[in-house]
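J.: One-letter residues, chain by chain:
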Amino acid sequence: MIKFILIVNKLGQTRLAQYYTTGLSINKRVALENEITRRCLSRKDKECSFLEFRDLKVIYRRYASLFFLVGVDEEENELGILEFIHCLVETLDKYFENVCELDLMFNIDKAYMILDEMALNGNIIETNKKNIIAPLHIIDQVSKKLK
Amino acid sequence: MSLKLHDLITKVRESSTTSSTREIISQECVQIRNAFRKEDTKNRPRNISKLIYIDFLGFPTDFGQVECLKLIAQPSYVCKRIGYLGLSVLLTENEEVLFMSTNIIRSDLASENKFIVALALSSLGNIGSVEMLRDLAPEVEKLLKSQAAYIRKKAALTAIRTIRFVPETVDRFVGCVKSLLSDKNHGVVLGGLQLLVEILKIEPKTISEFRKLVPGLLRMLKSLVDAGYAPEYDFEGVTDPFLQVYILKLLRILGQDSKKYSNQMIDILTQVGTSSGLNKNVENCILYESVSTILTIDSPNRLRVTAINTLSKFLTGKDNNMKYVALNTLLKGVNKDSKSLKRHRKVIVKCLRDKDISIRRRALDLVFGIMNKKNVKELTQELLDCLPKAEHDFRFDITAKVCTAIERFSPDDQWQIDTLVQVLTIGGQYIRDDVIAIMTHVTGRNRGLQYYASKKLYNSLLDDRYRNQKFIQVAAWVIGEFGDILLKKSIEENEPIDPSQIIDLCQIIITSSRNEDLTKYFVLNTLIKLSTRIEGYNEPIKEIIKPFMKHVNIEIQQRACEYFRLFEDKELLVFSFDRIPVKDDNLETQKIEEIEENSNQNRNTNTKVQENSNNQLSPNNNNNQNKNKQEENELNLMGSNINISQNQTQESSSIENLLQLDFSNNNNQNVNKQTTNTQNQQSNQSTEDFLSDIFGTNNNPNRSVNNTQNIQNNNIQNVMDLLGTGKGNGTGMGRGNGFGMGKGNGTGMGRGNGAGMERGNGTGMGRGNGTGMGRGNGTGMGRGNGIGMGRGNVNSQKKNPSAVIYNQDGLKIQMNFKLVSVNGTPAAMIQSTFTNSTQTQMTGLFFQVAVPKHLQVQMAPPSSKIIPPNNNGKVTQTFRIIKKQNIKTKLTMMTRIQFKINGMPISKQQEVKNLPLIF
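As given, the protein sequences belong to chains A and B, one line each in that order. Following the UniProt record's numbering, the numbering of the first sequence begins with 1 at its first residue and continues without gaps. Following the UniProt record's numbering, the numbering of the second sequence begins with 1 at its first residue and continues without gaps.
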């Protein structure tokens, strides 16, 4: 099961955070994010994409200036999660056309929608890019008409 | 005018310092709050978006939660979308707000717009609480059968959360799974697979029903594997790897422990295992999952060998991710395939030296996993070789594993000592505390190696390179304990060590400012032990100890004072620092229940042995008792002195507390204080267990154990006597042979000797620091270097109830009850007194008590097995009853008494009701 999905920039600032476990206070969350990103960012390119942190396994991948971090429990297929991250990035890329940090910041709601289409309650649900984006396109069209 | 999200972000990005960012945010928060207060509905979505951004920056945003509720209550989709998003991001622990959303979510779930339904489902699936999920389970079930695949897949995942949080709803969803799995939409199938995995976790009984799905799953997997290019779900040439992974995962669960279904899977697993290449991550991902499945299910050997070989290919490859997962998988499948694993040992060991810490950690676990008695020497050496180069955190892990290996897989004692010394010298500062316990255990157990160990440690101690505290402590302990053997044997082997060399070394260590206080405790103990082991060095040792009587550390000071005083009483000194008896391995693991069971079978044989040992030891006991009486008198005198100051300070603690102390002193902090007892760390069990061990020694025909039991009992008696007679203000001091309970904290009902007393009076608190040089041991218990804090004021007015529970055949058993609390739980301390009114003495006394299930009984051994005739003296046995569950009832118990009179065995069993204690 996925515990959280984090997108941070190379300075360690959170750009998107989705938790699938409840009960984390904001202070704890900030501390956790800081600790995990600090550790991930300090790792070298050649080292493996997995990091064990407390009872979590953090699987991370870097795309240009953005780091995608996914915290999972023992049961998850680590390589599968890497593939999932890749799929997420490709989908964001497809929707935003060459996604960058600012796209995520300014359109955080859209980014969340994409994530919600792909995963729910810590489980992967959809990996077909077209299917993921389809609802967003419909919404975009409707809101254009309204304007 | 409210800022746009865009502008806020720009503003924050432009600010150069954290403080200016904070200012911008706090200003904005004020604005947002105002807008909320004014019910600014138009800008509400925008404000929530801003709050989400602010939340990422790590500022508190909980004031926005209720606004999210207002948003989701709006009919418009745009508002709902932001509202649900805000709810899932901003919500922390506030269940109330969440619960308020239940009805809105319920109506949204019934909406005709599938996007609104999807929003509500996602929200419920991501953040739903137990109550919400329970309430909305019927709706989720309905949506599983929805027309739209888009809804079905989300409902499946929401169902997972529902059964995870509310397991009783599982029946609702069991029936839906099959239709989900036969769905055409990949997303729905994916959801169905995950739901099934969750159901099997919660309701394992359903597995036989779901095993029927195996052929269908295999067909599905095969079609995915065989499928050519499928544009919809293509990932670098592999068709929907996620679906494949989840099918394999489910097969793993279904095939486990079932030969029949495992056999059905072999073909397709072989195909998956051989068809994929090793280049792309996607391919490896499926390969990895199939290998895990092969290793878990009941698969034939050849398939297993292929699987392990695949992993070794992962291991030897360049990709670190592959190495990691391979090590991880090997660790999971390690027990079943240790033979084929052996061939890959070199590769695994090589990973210990990898640059990547994640891989090294996995490798360490795996190396430990494949360790056994045959390869332990080699593998431990590998671990030790990595130790000096490893980073700080990792060293703790390595030493912990090495220590466990030494304990668990050791082929012989000498290797154990060698390795211990090695790990102590090179990584002592990273080692866990119980290493001392391992060392004391092995040296105590194997007499032949005592010289070897002490010599080795002594030589290493001379080496300046090894200066870590843990090592010095262990070395000091061993040298102190076996100092005589070290000297004697060294002369036999023509490498004589001069005693003064050892003592000089101790002096260097104890005076060095580099050594911490704990080490100094150890060395003080070494010195005092050496004074009993080696003739003629008392004076130099006294000289070394003397300056420490004024040491700034109060523990060192006290120790030094006590030891200095002990030199005056040679007999007590020798007695106190005699060699520690060997701990019996078997005792450690036994639980009181088992012992009670065993006792019924073994009693007959054991009582004889115990009687014998009892007889042999009785002169010694009498001796002690006499001494104790003398001490009591002495102390009564001293006690009256103390009273003057105590009446002023109104100390309310009483000797009762002392008694409690005896039982409950099991905190680790005591270990630091009472370093003489470090050997007791051998038992990491809770006091209860440890107590049970001690009590359990009833059945063990071990003389030394009985010896200590008797000594302990004398003390119990002494304490009890004190309690009884101490009307008014009595200070609890007896000459202590360590009431060694708990973790060997012999709380000395100590003889209040000079050093302590002076200090006590000095503070005007009337604190008599008595020293109990007791030897409470038995099961590897150390000497109780007890500190009796005899605070006076026995409150003797408090009447403790008592009852005569047995009065037959001349035997009378009286019980005195006292309510105490053990670590916060109520408990009853019960002292049973046995008196004999017949003309002949009763022997082989054996008394047992059983209590209802909600209670727990812990018994100390009786003070004697023999009850003297004509009411000439009594035998006491204390036990305590602890409440395990909070049920208030009158105390009832089942007792069984056995004894012999004129060689005639008598056994009586009776239920004791109506005891005068509500408990």
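Each hint should be verified, as a subset may be incorrect.
Stated by the list, open to error - Below, computed lysine to any residue pairings styled on SDA-like, alpha-carbon distance capped at 25 Å:
1. B/K318 <-> A/R43
2. A/K10 <-> B/S2
3. A/K145 <-> B/K145
4. A/K10 <-> B/L57
5. B/K332 <-> A/D73
6. A/K3 <-> B/P167
7. A/K144 <-> B/H6
8. A/K94 <-> B/K332
9. A/K144 <-> B/L449
10. A/K46 <-> B/S111
11. A/K130 <-> B/V225
12. A/K147 <-> B/V349
13. A/K145 <-> B/R302
14. B/K70 <-> A/L115
15. A/K46 <-> B/Q74
16. B/K355 <-> A/K129
17. B/K313 <-> A/K28
18. A/K110 <-> B/H6
19. A/K110 <-> B/S2
20. A/K129 <-> B/N43
21. B/K145 <-> A/D45
22. B/K4 <-> A/D45
23. A/K28 <-> B/K455
24. A/K46 <-> B/V349
25. B/K70 <-> A/D45
Note that these hints are calculated values from the structure, not bench results.
J.: Next step is simple, just say for each hint if it's right about the structure.
T.: Hint check results:
1. Between B/K318 and A/R43 the CA atoms are separated by roughly 17 Å; this keeps the pair inside 25 Å, and the hint holds.
2. The suggested pairing of A/K10 with B/S2 is violated, with an alpha-carbon distance near 31 Å, which exceeds 25 Å.
3. Restraint check for A/K145 and B/K145: the C-alpha separation of about 33 Å exceeds 25 Å, so the hint is violated.
4. At most 25 Å may separate the alpha-carbon atoms for a hinted pair to count; A/K10 and B/L57 meet this at roughly 15 Å.
5. For the given pair, B/K332 sits about 15 Å from A/D73 by alpha-carbon distance, which is consistent with the 25 Å threshold.
6. A hinted pair counts as satisfied when its Cα atoms are at most 25 Å apart, and A/K3 with B/P167 qualifies at roughly 20 Å.
7. Using a Cα cut-off of 25 Å, the hinted pair A/K144 and B/H6 holds, with the two alpha carbons roughly 19 Å apart.
8. A distance of roughly 39 Å separates the Cα atoms of A/K94 and B/K332; the hinted pair therefore is violated under the 25 Å criterion.
9. Of the supplied pair hints, the one linking A/K144 and B/L449 is violated, its CA atoms being roughly 87 Å apart against a limit of 25 Å.
10. Distance check on the hinted pair: A/K46 and B/S111 sit about 50 Å apart at the alpha-carbon level, beyond 25 Å; violated.
11. Pair hint A/K130 plus B/V225 holds up; C-alpha atoms about 22 Å apart against a cutoff of 25 Å.
12. Under the criterion of a C-alpha separation no larger than 25 Å, the hint pairing A/K147 with B/V349 is inconsistent with the structure, at around 66 Å.
13. At roughly 64 Å between alpha-carbon atoms, A/K145 and B/R302 are farther apart than 25 Å, so this suggested pair is violated.
14. Between B/K70 and A/L115 the alpha-carbon distance is near 24 Å, which keeps this suggested pair within the 25 Å criterion.
15. A C-alpha spacing of about 50 Å is found between A/K46 and B/Q74, which places the hinted pair above 25 Å, so the restraint is violated.
16. With a C-alpha separation of about 37 Å, the suggested pairing of B/K355 with A/K129 is violated against the 25 Å cut-off.
17. This hinted pair does not check out: B/K313 and A/K28 have alpha carbons roughly 41 Å apart, beyond 25 Å.
18. Using a Cα cut-off of 25 Å, the hinted pair A/K110 and B/H6 holds, with the two alpha carbons roughly 14 Å apart.
19. With a C-alpha separation of about 22 Å, the suggested pairing of A/K110 with B/S2 holds against the 25 Å cut-off.
20. For the suggested pair A/K129 and B/N43, the alpha carbons sit about 32 Å apart, so the restraint of at most 25 Å is broken.
21. Between B/K145 and A/D45 the CA atoms are separated by roughly 47 Å; this puts the pair beyond 25 Å, and the hint is violated.
22. A threshold of 25 Å between alpha carbons decides the hint, and for B/K4 with A/D45 the separation of about 38 Å lies outside it, so the pair is violated.
23. Under the criterion of a C-alpha separation no larger than 25 Å, the hint pairing A/K28 with B/K455 is inconsistent with the structure, at around 52 Å.
24. At most 25 Å may separate the alpha-carbon atoms for a hinted pair to count; A/K46 and B/V349 meet this at roughly 20 Å.
25. Only pairs whose Cα atoms come within 25 Å are accepted, and B/K70 paired with A/D45 is rejected, the gap being roughly 46 Å.
When each numbered hint is compared with the structure, violations occur for hints 2, 3, 8, 9, 10, 12, 13, 15, 16, 17, 20, 21, 22, 23 and 25.
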